[in-house]
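Note that this note's numbering has the sequence shown beginning at 70, numbered continuously upward.
Possibly wrong hints are sitting among the right ones.
Claimed, not checked - Keeping only pairs whose Cα atoms sit at most 25 Å apart, straight-line, the calculated DMTMM-like set for lysine to aspartate or glutamate is:
no.	residue 1	residue 2
1	Lys135	Asp124
2	Lys228	Glu186
3	Lys135	Glu149
Claimed, not checked - DEER-style ranges, computed between Cβ atoms:
no.	residue 1	residue 2	range
4	Gly117	Ala160	25 to 35 Å
5	Met86	Pro243	38 to 48 Å
6	Ser109	Val230	17 to 27 Å
7	Gly200	Pro159	17 to 27 Å
8	Ala130	Arg165	15 to 25 Å
9	His168	Thr89	38 to 48 Å
10	Gly112	Arg238	20 to 30 Å
11	Asp244	Thr89	45 to 55 Å
12	Asp182	Lys228	17 to 27 Å
13	Glu251	Val98	25 to 35 Å
By construction, these hints were calculated from the structure, which means they are not laboratory data.
Cβ coordinates follow ideal geometry from the N, Cα and C atoms, glycine included.
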Amino acid sequence: MIAPTKHRFTVAEYYRMAETGVLRPDARVELLNGEIIDMSPIGPFHGGVTNYLTDAFSAAAKGRWKLSVQNPIRLNDHSEPQPDLALLRPAPDFYRRRHPEPDDVFLLIEVADSSLEQDREQKLPAYGRAGIPEMWIVNLNELTVEVYREPHFEGYASKAVLRAGEQARPTAFPDVNVDVGELLRR
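Whenever a hint applies, use it, and build me the whole structure from the sequences.
The structure is reproduced here in structure tokens:
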């Protein structure tokens, strides 16, 4: 007897499903490891933290990166997740012809409450395998920022957990800091 296997969708198939109406235009989904994943609704605290980060990174950019908010990152032929924020290498066309890929990324940030398990167990390893140099999980449940660096085939070799009173700094831009207490103030 042959064991059943899952069908893994490609990015091309995923887009074709959207074009033909299999996926509704307003569907909040993303493709990860060949599976179509429903995204959690965004609550006020999640949205406010994302807005805070957007303002902080926009003000500090000075042309060094492009800030992408809740837009796709093409990891490979089977994964195109939509992190909450991404600091990207500047592109003259603002990524109009293609979605950013791992080599375009300085930092990805996932803001997590109900999505925490998915972000840690699915997205984090996928980002590491793809070679994303740094990834943060803003953990709204524990009011911490988890900083992951040194990507490898299973995820990341380095993890730091930052709390109120500490500063989060992207490796690529150490002059930029995010006050964890201010970020996660309710």
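Each hint, compared with the structure:
no., hint, verdict
1, Lys135 x Asp124, "13 Å, holds"
2, Lys228 x Glu186, "16 Å, holds"
3, Lys135 x Glu149, "18 Å, holds"
4, Gly117 x Ala160: 25 to 35 Å, "29 Å, holds"
5, Met86 x Pro243: 38 to 48 Å, "42 Å, holds"
6, Ser109 x Val230: 17 to 27 Å, "22 Å, holds"
7, Gly200 x Pro159: 17 to 27 Å, "19 Å, holds"
8, Ala130 x Arg165: 15 to 25 Å, "19 Å, holds"
9, His168 x Thr89: 38 to 48 Å, "20 Å, violated"
10, Gly112 x Arg238: 20 to 30 Å, "27 Å, holds"
11, Asp244 x Thr89: 45 to 55 Å, "47 Å, holds"
12, Asp182 x Lys228: 17 to 27 Å, "19 Å, holds"
13, Glu251 x Val98: 25 to 35 Å, "32 Å, holds"
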